[in-house]
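K.L.:
So the chains spell out like this:
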Amino acid sequence: MLFNFPYIAVVLLILIGLATVIYKRNLIKIVIGITLIESGVNLFLITLAYRKDSIAPIFHGFTASKDNVPFMSLPVPHALTLTSIVIGVAVLALMLTFIIHLYRHYNTLDARKIGREEE
Amino acid sequence: MNISDIVFHSPALIVAIPLLGAFLTPLVAKINDKLRNIFAILIALITSVLVAILANDVFSNGIRTYVFGGGEPLVNNSYAIRILFEVDGMNAFMAIIASILTVVAIIYSWTFLKNHTGQDKYYTLILLMIAGMFGMILTGDMFNFFVFLEITSIASCALIAFYTNKGKAIDAGFKYIVISSIGALFILFAIGILYSQYNALNMAVLANSISFSFLDKIALALLISGLAMKAGIVPMHMWLPDAYGRAPSSVTLLLVGATQASLYGIFRITLSIFGKAFNTTGTVLKSATLTGDELIMVSSYPNVISIGWILIILAILTMIIGVLMALKQSNLKRLIAFAALAEIGYMLLGIGVRFASKYSEIVKMNNQEYIQIGFHGYDISALTGSIFHIINDALDIGLLFLVAGAIYIATKETSLNKLGGLARNMKYTTVFFIIGLIAVSGLPPMNGFASKLIIYESTFQLNPIIGIIAILASILLLAVFVKVLHSAFLGPKIPNLKDVKEVPKSMLFAMGIIACIIIIFGLFPNIVIDNIIQPAVNAITNHEAYIRGVFNGI
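Taken in sequence, the protein lines are chains A and B.
Last residue of the first sequence: number 175 in the working numbering, and the count goes up by one each step with no gaps.
Last residue of the second sequence: number 683 in the working numbering, and the count goes up by one each step with no gaps.
Quick caveat, the hints were computed from the structure, so don't treat them as lab data.
Honestly, I wouldn't trust all of these hints.
[As the list claims (entries may be wrong)] No farther apart than 30 Å at their CA atoms in a straight line, the calculated lysine-lysine pairs in the DSSO-like style are these: (1) A:K169 <-> B:K457; (2) B:K634 <-> B:K541; (3) A:K169 <-> B:K634; (4) A:K169 <-> B:K295; (5) A:K85 <-> A:K169; (6) B:K630 <-> B:K243; (7) B:K346 <-> B:K612; (8) A:K80 <-> B:K295; (9) B:K297 <-> A:K80; (10) B:K547 <-> B:K457; (11) B:K297 <-> A:K169; (12) B:K295 <-> A:K85; (13) B:K457 <-> B:K630; (14) B:K297 <-> A:K85; (15) B:K243 <-> B:K159; (16) B:K457 <-> B:K297; (17) B:K547 <-> B:K612; (18) B:K612 <-> B:K457; (19) B:K547 <-> A:K169; (20) A:K108 <-> B:K346.
[Unchecked claim] Restraint ranges, calculated between C-beta atoms of paired labels, are given here: (21) A:K80 <-> B:L446: 40 to 46 Å; (22) A:Y79 <-> B:N294: 29 to 35 Å; (23) A:Y63 <-> B:T293: 40 to 46 Å; (24) B:A674 <-> A:P113: 31 to 37 Å; (25) A:L68 <-> B:N294: 39 to 45 Å; (26) A:Y79 <-> B:P155: 37 to 43 Å.
Where a beta carbon is used, it is the ideal one built from N, C-alpha and C, also for glycine.
Starting from the given sequences, assemble the full structure and let the hints guide the process.
P.N.:
Below is the structure:
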């Protein structure tokens with residue numbers, strides 16, 4: 057049960073994020089929902105890399121005897137998570153830029169009042 | 130540097146050159162605006178030449194694997210830790226489409242955006258989007274696919290909101306980035322699930338080891354729904370009419386390509402990565418008949434058939450909603466956007482029919498010799514039609530969007546109610562629109578007819594009702610565009626539009642390129658199918674060859 061706790065947290069984070077995106081009308085809250093989903097996915101990737109009693113996957117220079125080889129946590133998911141965080145920052149910046157522009161045009165952040173004007 | 134080196138490195142160069150060009154553009158623009166335009170076209174042309182070289186090589190010599198950092202694709206023949214591009218017929222086919230759209234879009238935007246500010250950033254983003262699109266198409270690595278998908282969507286979101294003085298354009302960009310980032314995160318989650326089970330991100334290695342367990346089913350559902358969001362399939366389509374309708378026409382042309390790159394993702398995932406799993410799990414023997422010394426066994430795979438039917442239902446919804454919404458639009462670009470939505474339905478229909486039908490396999494036993502006669506004939510033809518329709522849709526819808534852009538440039542109007550009698554002053558544009566109209570509604574002799582006929586035939590054999598719905602949707606598309614032809618081009622002159630002039634030559638040239646390709650494809654569909662489509666179909670259905678492309682080295 058305790059071992060599964062991170063996975064439960066992942067699912068909860070993603071569901072809360074999805075619910076926020078679907079039900080909230082404020083644009084900032086929609087962006088918060090997306091970042092919640094993103095944190096959930098990043099947490100999932102990091103959890104995959106975890107091994108009990110593992111060490112960082114860095115070459116230490118020790119000579120590994122057969123019974124004393126420490127586990128290394130997986131390096132690939134860490135790399136994936138870093139990439140995903142960087143992409144997430146770019147997406148977040150772009151979304152907030154859009155929100156600034158939308159606020160200048162409509163003076164509101166309510167999704168129901170944006171983009172409804174007649175041409 | 131000789132030709133074989135260029136061929137060898139072309140998969141990497143196709144992505145690297147637009148990427149380099151994107152960030153050189155602001156520097157070149159410091160010198161001269163004209164130089165910047167020439168530079169952008171030059172980058173697109175070099176990329177297209179490389180695509181042509183690569184495609185020629187792939188069609189004649191088979192799969193080409195390019196490992197970044199060099200060496201074998203697998204370390205110690207077991208660990209797939211290197212990023213690689215794997216190019217087979219399907220990738221090459223998609224790259225050809227993308228390169229046509231790229232060249233045309235850049236030539237078109239030369240005069241389309243003549244008096245706009247921010248063109249330096251526009252060309253940077255366009256080239257960045259092209260790099261992302263080619264990356265999505267050529268990559269052989271799941272995480273790499275995700276990264277390029279995000280590059281494409283960030284660049285295209287910024288481009289959709291190019292008209293920042295219009296609130297609706299920014300609204301469309303925001304909608305698209307919300308949908309596409311959620312879709313991309315779904316895909317990343319699915320990649321995590323797959324990685325946790327198979328310790329691999331490489332598509333071919335995944336395809337080799339995938340077992341269609343419960344977690345794999347979740348991953349498949351997440352991947353398909355994430356890519357469906359990006360491809361604009363109903364019920365995740367609400368961003369598509371806004372984004373297509375509000376973006377500059379040249380950007381819309383590339384957006385069509387980006388949407389189809391996502392659709393290519395659905396093809397690759399269902400047919401290549403899950404291909405082996407679909408072929409081996411859950412066989413049910415339906416009937417076995419003995420005629421003479423031949424035993425004919427018909428077996429099916431219920432799991433896969435249900436996936437096929439889900440895709441078919443989504444496709445039908447996409448077609449019907451797209452067409453019906455297109456009927457009631459009065460804004461020209463939104464109307465074409467809904468028609469584009471309907472066209473996406475056809476491509477999805479083809480692959481759905483393929484899954485619903487393929488896995489009723491007929492096997493013949495002849496004197497203990499095990500001959501596999503093959504599947505019902507229409508599964509491959511459905512896929513052929515679907516893949517052929519990808520290129521036709523890109524050309525037809527692309528041409529119509531360019532015509533809409535031309536009308537906007539000439540008249541500054543987008544509403545159909547305020548247009549009329551344009552055929553008198555804009556002869557060439559009218560001709561191009563009529564070509565697009567005939568092609569998009571699937572009438573002979575244009576290319577849309579060739580691919581749609583294949584789709585109708587195969588769909589009709591699976592279930593006549595679906596075939597009829599598909600034909601009906603096409604007829605309604607014809608009605609939609611005849612309405613546009615009538616209200617925008619025919620009829621009396623409208624006083625406001627008396628002094629309308631034909632659009633500049635470079636825009637006509639861009640439209641002319643696409644119109645020529647449409648006519649050639651429509652007149653000689655057999656040549657196109659034999660030379661481009663058939664290799665793509667063979668490549669995407671042959672998942673064993675795709676796996677061998679990595680396991681047996683370069």
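K.L.:
Against this structure, judge whether each hint is valid.
P.N.:
A quick look at each hint next to the structure:
1. A:K169 <-> B:K457: Satisfied, since the Cα-Cα distance of roughly 23 Å is no more than 30 Å.
2. B:K634 <-> B:K541: Roughly 18 Å between the alpha carbons, so the hint for K634 of chain B and K541 of chain B holds.
3. A:K169 <-> B:K634: violated (41 Å)
4. A:K169 <-> B:K295: Judged against 30 Å, a Cα distance of about 15 Å means the pair holds.
5. A:K85 <-> A:K169: holds (15 Å)
6. B:K630 <-> B:K243: holds (16 Å)
7. B:K346 <-> B:K612: violated (45 Å)
8. A:K80 <-> B:K295: OK: K80 of chain A and K295 of chain B at ~24 Å, within 30 Å.
9. B:K297 <-> A:K80: Holds, because 20 Å separates the two Cα atoms, which is no more than 30 Å.
10. B:K547 <-> B:K457: Answer holds: K547 of chain B to K457 of chain B is near 16 Å, not above 30 Å.
11. B:K297 <-> A:K169: Holds. K297 of chain B to K169 of chain A sits at ~11 Å (cutoff 30 Å).
12. B:K295 <-> A:K85: Roughly 23 Å separates the two Cα atoms, so the pair holds.
13. B:K457 <-> B:K630: OK: K457 of chain B and K630 of chain B at ~29 Å, within 30 Å.
14. B:K297 <-> A:K85: holds (20 Å)
15. B:K243 <-> B:K159: OK: K243 of chain B and K159 of chain B at ~17 Å, within 30 Å.
16. B:K457 <-> B:K297: holds (19 Å)
17. B:K547 <-> B:K612: holds (14 Å)
18. B:K612 <-> B:K457: holds (11 Å)
19. B:K547 <-> A:K169: Satisfied, since the Cα-Cα distance of roughly 27 Å is no more than 30 Å.
20. A:K108 <-> B:K346: Holds, at about 28 Å.
21. A:K80 <-> B:L446: 40 to 46 Å: With Cβ atoms ~27 Å apart, the hint is violated.
22. A:Y79 <-> B:N294: 29 to 35 Å: holds (32 Å)
23. A:Y63 <-> B:T293: 40 to 46 Å: Once the Cβ atoms are compared, 42 Å apart, the range 40 to 46 Å for T293 of chain B and Y63 of chain A holds.
24. B:A674 <-> A:P113: 31 to 37 Å: With Cβ atoms ~34 Å apart, the hint holds.
25. A:L68 <-> B:N294: 39 to 45 Å: Distance hint for L68 of chain A, N294 of chain B holds at roughly 42 Å.
26. A:Y79 <-> B:P155: 37 to 43 Å: holds (41 Å)
In the structure shown, a violation is registered for the earlier hints numbered 3, 7, 21, in ascending order.
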